[in-house]
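Asks: Here are the chains, one letter per residue:
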Amino acid sequence: MLWKRQIPILIATVVGLSTLFGWFIDHPTIESFIDDDATQWYDILASFAIFLGALNLMKLQGKKVLKQKSGWQYSLFAIGGFFFAIVAGFIYKGNDAVEWGVHVTSKGTLFKWMFEYMFTPLSATMFALLAFFVASASYRAFRVRNLEATLLLVSGIIIMIGRVPLGSSISSWFIMYLLILIASIVVNIKFKDKKITFGTLLAGVLIVTIWGSILGWPLDQPGLFYLPVLQDWIYNNPNVAGARAIMIGIGLGIFATSIRYIIGLEKSYIGE
Amino acid sequence: MDKISDFILRAEKIDRRWIFLIIGLAVLLPLFFPLGLPIRATIATQKVYDAIEALEDNSKVLVSFEYGPSTKPEIHPMAIGLLKHLFTNGHKVYVTCLWPDGLFMADEALTEVAEEEFNLTYGEDYVILGFRPGNEAVVKGMVSNIRKLFTTDVRGTLVDDIPLMKNINKVADFDFIFSASAGYPGTIEWVQYASDPTGVPLSTGTTSIMVNDIMPMVNSGQVQGILAGMPGAAEYEALIGSPGIGTSGMDAQSIAHLVIVLFIIFGNIAYFIEVQRSKKY
Amino acid sequence: MIGSWIAVFLTLAIFSYLYKDNPFYKVAEHLFVGISTGYWTSMFFWTQIQPNLFGRLWPASQYNPDSIWYKFYNLLGIFSSVFPDGGINKGHHMDLLYLLPFALGIMMLLSVSSKLSWMARWGIAYTVGMAAGLRAYGFLNSNVLGQIKGSAFQIFNSDLPFFALASESIFNNFIILIGTITGLMYFYFSREHTGNFGKLSKLGIYFLMVSFGASFGFAVMGRVSLLIGRFVDLIAYAGPAYNHATLWLLLVMVLLLGYSAFSDKNNTSENESTLEK
Chain A
46 MLWKRQIPIL IATVVGLSTL FGWFIDHPTI ESFIDDDATQ WYDILASFAI FLGALNLMKL
106 QGKKVLKQKS GWQYSLFAIG GFFFAIVAGF IYKGNDAVEW GVHVTSKGTL FKWMFEYMFT
166 PLSATMFALL AFFVASASYR AFRVRNLEAT LLLVSGIIIM IGRVPLGSSI SSWFIMYLLI
226 LIASIVVNIK FKDKKITFGT LLAGVLIVTI WGSILGWPLD QPGLFYLPVL QDWIYNNPNV
286 AGARAIMIGI GLGIFATSIR YIIGLEKSYI GE
Chain B
6 MDKISDFILR AEKIDRRWIF LIIGLAVLLP LFFPLGLPIR ATIATQKVYD AIEALEDNSK
66 VLVSFEYGPS TKPEIHPMAI GLLKHLFTNG HKVYVTCLWP DGLFMADEAL TEVAEEEFNL
126 TYGEDYVILG FRPGNEAVVK GMVSNIRKLF TTDVRGTLVD DIPLMKNINK VADFDFIFSA
186 SAGYPGTIEW VQYASDPTGV PLSTGTTSIM VNDIMPMVNS GQVQGILAGM PGAAEYEALI
246 GSPGIGTSGM DAQSIAHLVI VLFIIFGNIA YFIEVQRSKK Y
Chain C
1202 MIGSWIAVFL TLAIFSYLYK DNPFYKVAEH LFVGISTGYW TSMFFWTQIQ PNLFGRLWPA
1262 SQYNPDSIWY KFYNLLGIFS SVFPDGGINK GHHMDLLYLL PFALGIMMLL SVSSKLSWMA
1322 RWGIAYTVGM AAGLRAYGFL NSNVLGQIKG SAFQIFNSDL PFFALASESI FNNFIILIGT
1382 ITGLMYFYFS REHTGNFGKL SKLGIYFLMV SFGASFGFAV MGRVSLLIGR FVDLIAYAGP
1442 AYNHATLWLL LVMVLLLGYS AFSDKNNTSE NESTLEK
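Residue numbers (our numbering), protein chains in the order written: chain A, 46 to 317; chain B, 6 to 286; chain C, 1202 to 1478.
Extracted from the complex, chain A is given alone in its bound form (with noise of 0.2 Å):
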């Protein structure tokens, strides 16, 4: 138990402690160790935890070969990629000009070879897949059921179409008798009567047309209704508001969080 439980909890109340008290104390030798050995062994010991998980999912997909599950075949393939690249990182550079270490970002190396040529497509291609599926996402799953999704959906297009190109080439009069015709439905469906839906429309072409005519139809002019400006708006100003009551709130959440793991309350990293 000792082993297990009581020192793995001690090491981090002690590590935790100092490295939290480090930011207050003014002594040289103990900042130095705190700020800079303290450190530096967490860099290590980070480095040992991707080892440890590159051990881990070769044990993983090399079970699934010896014990021939389901797509056993496709394992063949991580292992393989995996013992390619563990080649060219130390026992093949490819570039004898260069020495070991060196050679991982030095030009006409194996390892850069792979970096090139299949690190990157691979990597870059996964995350490209997905603006496919936003799109589908966006086509299926957006829809007007409340106020709620409204704002959302409506704050999203403006970002969307206002911070490219084509939004500063969208005139606010065309913004401008676009509202007007989307009030005239809203009041259409409310009223349901042809006079009043004709009503709202012409008064509204009609000065949308006037104020136009008497300004000059200035491409961006009024502000408010030219999107690039109303989408710096709305970012600059009611997005911060809600991103910022977000961050201050997982703000407190990590510092809580973070004091319970020192002072030994959470415990889920030995598995409690």
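Everything hinted at is true.
Simulated crosslink set (SDA-like; lysine to any residue; CA at most 20 Å straight-line): (1) 157/A x 1241/C; (2) 152/A x 113/B; (3) 157/A x 1204/C.
Rather than coming from a laboratory, the hints here were simulated on the basis of the structure.
Following the hints, complete the assembly by docking chains B and C onto the known chain A.
Replies: Relative to the frame of chain A, chains B and C by itself:
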């Protein structure tokens, strides 16, 4: 009218592979037939530009590369634009990476800009210190003592032998920090452990997805502006007057956004028809 | 040349998932897992373990072939890429205190055997403790206090105009302050959201929704940019300099997938007719 409604309802349920095809074409076609739409800088991009312009001559700028191939189309154009801006104004550039992939990105960007375009000397005008694993602990370590963390640069040269590293011992010795960041660790860690405690001003360029995590810090002045995704890169390219990969992607970006917005509107019309019909029966 | 063909093949293999899950995609996916694991292992080793751990345990500056410590080092010399002759020259002095993280690291690796799985806990406890110590301060200082300062003080700035759409103004700062406070009220679960408190927290939801909407817009923007990047690369590889790799590989893949879809269809219809009999 009913026929149109029926058609819309049927179209709503089409195989999603048709949607994939339309999105693919919406991105692909403008790459072949560019429209040349004008680019307009947003406030946050302008802030980044102004912050760099305000730096005194010969400033020491720490540029951290925290992205890889998966987000390269968004951030690489920013990194290139920023390096061009910094070198044009005669600043010195120090590169570190919190992501292993960042090392490759930094090498590529500096080869293109510093070596080929500006003919600068490695070790005198710019240096790549490299990548160290450890996330925020690396930032914290650099704030305290860079030389304990980076004893050699990416080419294996001892840091003590690099002329540009003279008088550089910790983050506070820099005049400005720029984080080209695609997530954790990245901009937030630089704010928390480097910029806020030392007061060295920091600016950033991030992936679109990260923007909202950083925006409150831009508003509070903890971060000097932000370049948001590929459009942010294109705006920056427009400001420095050097159109590049960011700019050339903007037509495709515009058309794809338009198509997705139309999808959303169409989906909602179908939803509206459904609701009306279910009310009827 | 062969590299670009491999790159195109892997790109198209992953895109083929859009049609349906298929062997091309599965091969590429597994290859990705394997290669990135090996890639990360190599990168972390050469950027931290070799220079900053081994470099401190056996530095070249204090190399002495007669000492027991370096005799042991010379035994490790069979892995000459990692342990070169004459010690590791990364500008460090010997610091045997680093045997401690080394030991914790070895314990971590031993935990791969299920009997010794508890051994990883010490090293993990160290990283958890340090991350907690760093974050407790970082998040409280920058994300909480920094943000409260950002919201509260700018509103009283008399240099600002009362209203401006495209720049900072008192009105805009007021909106941010209200949105932040009501948004936080929504997150406050210790009190029931009724009465005036409920109304304010409802207002908070509206601000959060605008923010989520913007996040959605940005998510779309990011994904589209990444797709543009991939297409630009594929277009480049379709050029004569690469022997039109994209076009040829696309053709081959479409033919193979089409053939397999066709034979699948035949098989199912044959099965159905057998069932009918």
